[in-house]
Amino acid sequence: MTTKPKGYRELLDEVIDAGLCTLCGACVGACPYLVAYKGRIVLLDNCNLAEGQCYLYCPRTYVDMDAISQKTFGLPYTGDELGTMREVLMARSTDAGTRERAQYGGTVTTLLSVALAEGLVDAAVVSKDSEDRVPVPYVARSEEEVLDCAGSNYMACPVLEALNRVPRQSEERLALVATPCQCLAVAKMKLNSPENRVDIGNLKLTVGLFCTWALSPDGFHRFLRENLDLPQVLRFDIPPPPAERFDAYTASGRTSFPLKQVRQFVMSTCALCLDMTAEFADVSVGSVEGIEGWNTVVVRTEAGAEVMERARASGKLETAALPSENLAHLKEAALLKKVRALKQIAGRTGSRSDLLYLGLPAGVVDRLLA
Amino acid sequence: MANIDIDAPGTRQLFIGNEAIARGALEAGVGFAAAYPGTPSSEILDSLASVADRAGIYAQWSVNEKVALEAAAGASFAGIRAMASMKQNGVNVVSDFLVNLVMTGSGTGGLVLVGCDDPSAISSSNEQDTRPIAKWFDIPLLEPGSFQECKDMTKWLFDLSEELGTICMLRSVTRIAHARGVVKLGELPKAQRRAFFDQVHDARSVMPTRFMPVPSSLRHALAHVKLQNAREKFESSPFNWYVGPDRADLLIITGGSCWLYSLEAVRALGLEDRVGILKLGTLWPLPEKLVEGHLGRSQRVLVVEEIDPFLERSVMEVAAALPPDSPRPVFYGKRSGHINAYGELNPDAVGKATAAVLSLEYQTRDVEYGKKANELAGANVPQRMMTFCPGCAHRATFWAIKNALKLDGRQGIVTGDIGCYSMALGPAGFFQVRTMHCMGGGIGVANGLGKLAQFGFDQPVLAVCGDSTFFHAAIPALINGVYNEANFILVVLDNSATAMTGFQPHPGTGVTATGQETGAVSIEAICRALGVDVAVCDPFDLAGTTSTVLEMMADGGRARVVIMRRECELVRSHREKTKPYTVRVDPDICVGETCGCARLCTRVFRCPGLIWDEEAGKARIDEVICTGCGVCADICPQGAITKEAT
Amino acid sequence: MSATALMKDPLNLIIAGVGGQGNVRMSLVIGEALVREGLLVTIGETYGASQRGGAVMSHVRISKEAECSPFISDGQADVILGMEPVETLRMLGQFGNPDVVTIVNTRPIYSIDVTGGDADYPSMDNLLEAIRQLSARTWPVNATAEAQGLGNPILANVILIGALVGCGALPLDEKSLEPVLRESFPDDFDANMTAFNRGIELVRQQG
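Protein chains in written order, with the numbering used here: chain U, 1 to 370; chain S, 1 to 646; chain Y, 1 to 207.
No incorrect hints appear here.
Simulated crosslink set (BS3-like; lysine-lysine; CA at most 27 Å straight-line):
hint, chain 1, residue 1, chain 2, residue 2
1, U, K6, S, K618
2, S, K402, U, K38
3, U, K71, U, K204
Okay, the calculated bits of chain Y under chain S, using three or more residues with CB under 8 Å as the criterion:
hint, region
4, 82–94
5, 109–122
To be clear, the hints were calculated from the coordinates, so they are not data collected in a lab.
Where is the CB? At the ideal position from N, CA and C, for every residue including glycine.
Just chain U, with the same shape it has in the complex:
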């Protein structure tokens, strides 16, 4: 907790130069000083403000998890494995073409399509593969564009930069597809509305992505360039354990790398993250272990529930119950991430009461580290 005003200097000292930056993009695109470029946060000039929104919204500066939870759900932060939720289920697009193009069940693509088609939102802020396969932030305004952005390449993308660039006079209603750290940054923005940039009240739907870790675009992209003919690659995939592979698919076939080799490009900051299932999204989406072509969906808020209902009603999305072993495994994995991360953090600071950026109720910490 701090009462001292903090701005870009502290952001650089405490987060970026300290190796905590997740490249979420919350600090860039909103001012002329901080920009994201090829996997780095770059300071173009010195801002002269002592206090800045860049520091305030960063998900790796102090986060009062309880305050965030209260604002998002009206409930305290409990530290439950999957966070606050209304429903957990399986879902997939009813359109085979969409499923083929997208990751797993194509649920994210479908939800966005429905939201656009039904006029719930006017645009979706997502990550998109650029020509050289580095993911870049993108604002999609049609279902075709949304489909075009489907798929993942597992590299961090500063998607929030595109959110920040929406002009403050814009009245467009927005959807956002975001990783857990990005959802946390957005939750901070909802707690303290941003000034001189996008009206955060226009963000109507946040679709969260399950995330264990992300790869550094800086290092991993170089690896890809050196080992693949990138323009030929159609999509990437990390199949579920025990495959231990990173796959790249071209028209002619598949090239795989041992996951161990790829893991060296995991951003070190991911080891300090407690959130596997994007606990502060409206609806969170991930894969289903052992069941190809389906997504696990966690519905958390009214907005999440509404878009799921509309998707079902439109016939574009089919849902099913999530088998209990899958749910159990999911909770296990999520809990494991929390515990590992807390141990890392406490190990780094030497104390359970100094958790770097995390403001957790003491009871939660003790329970998780018991």
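Fit chains S and Y to the given chain U structure using the hints.
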């Protein structure tokens, strides 16, 4: 500019020192003048070029000072009176040719070198006194103490040079060169000589009429003979005089600009009957008998000069050689600390020194008023730093370079050079430039940095130079970079002008000094002929320029060139007299000091056309200063600055 | 006013402003007019790099018989023609004395030190008050606004020349300036003459 070729002998005209020098050359019958622009010398060639056609003479802007002097010498070798003028750095550039020229002789024409120094480096990279080169190289040297002497000395030096067959030098400083005073005109010559390079063996002279510095001992001895002849003439020169009492409490020995300062200081102190002034115009070789004669007037001698203790040391050499029983005065000046050994002087400095030597008070101003003035002015007078003009392409270029270097992230280095863009050392160019020395120095240094990869060096290197600088000095260094495979990017700032010195033409502009159209030399053609990759950017296209520079830095390994091409705004607006855009800040969109802007346009970009309205907390356009280039509209993070085509 | 009526010998005039405003051209016009009155004139200038937005000044020394150096000593200015308010005060700070008379163009030009936030530009009231306190007589003139009214801000310079002539501190009058203006501005002599007369008026209005 005044008309220096007015045919009105005996009338008085208001000339700046440089115009008076040019007039003196005309009255001497100069036929050939060459120079490279350099403050404070540029107006000499500027004014000669403006009258060249009707005066029947030839005036040339040369590619650099070395060629200018060599060309002038060539004319003198063929019997035509010639002159080369330059600033202090130019004298450095010509030094190798100059020392050899003293040994070869300058022929039958008459050759004058004018060197204009810039004490306090008001418009220079360095401060330097060029007078010692006369002593070093054995060159007769004169320095004018008034505007009349600028004319009269220049004229006389041609005669001296022709008679002795050696180059003669006139040294001036900014406060004479650029100050304006009354000059009484002399007659202009009626006809020019015929040029002819005489190759016939002259039986009277030891060597045939060829210009070579060998055999060197003989040549050196001959140079000393010429100097001795000059000294004899200087002993009775009308350019040296004494004012004051026969016996003085203090003898001031001075020359050049300091003559008038000393005169005023003595007047202000009311010491005309106690302090004498020996004003010397012939500085090297020193007329020793003359000086010896005056040294006896006082027990105290104060030597006043700009910049180095050149005269002081020469006079002290004379004093050291006085017979043992002669009275030896006490010397004051730079050695004693009474006069600064750096920076320019003024009447106050001389007044303070004089008063100190005589243990008097020096006060030119009412003490009470002085206190009040310091208080009121001290509190209310903010600094006024130099910067790029509004609309200057360099501001946009360095903005793009700054962003490209930051995005690249490898701590790239910019090596700098001489021109308006030298200001990129400071806030005007966002503190981008890291080294600055002389013409062509930037790309020279880049050649070194560009070969350090084997020592683990991985920082990108950008060398900046102007278009005129490119022709002056950068080409050999670029060839070196290609031949030795150095890794750097030469950024040529092509604003189609030699801007800082007054918009003189150069080989790239396609116009000569006298306004004739000629083939323009293409910078990119030269680069391509060297096999170098060349990109051409418009600096006003900030995004395009930034990404071109970024790409070039990423694609390293060899010397490459990017030309930033956009005309100097002062040249454009003088010709077109219109503004391309009407630029406005929308106060409803401007967020000023708050998070999301933090005054980027006024605090960081700093174009003088953008001002800060403290009360409203918004930026604003100063419509008198703004030239309507519209670049600021592209940097405003909120889109508050708009540009409308006019 | 005739050539013999030189109030002091030498008479020291400083024209001060910002690089690019045109002080050199102004000093040339005034100097030329004085020379035609048979006076000896020396003008010291700051050229070159200062033009790029820095502080500039012209020192005009006027005498019947003595040749003067191009430098006015501290505290020795008799007349200050300020093209910009801060520069006017800067000159008074160094060269002013209890007898100096001052004309000041009241339009500010903000240096990048000021617009960049490193320095404050004083309020016009404070500036004028300081200038008045340091001058025996002060004539503020909004030359730039008047020039804009006449159709071109660059006419401010000639308005200020008119003000200088109108205040009577120099041995010059309308007749001495007209031929010089005609030669200096052959293409728009009428506009410049109008501006010149307006300058005289603005100063005489103030009594």
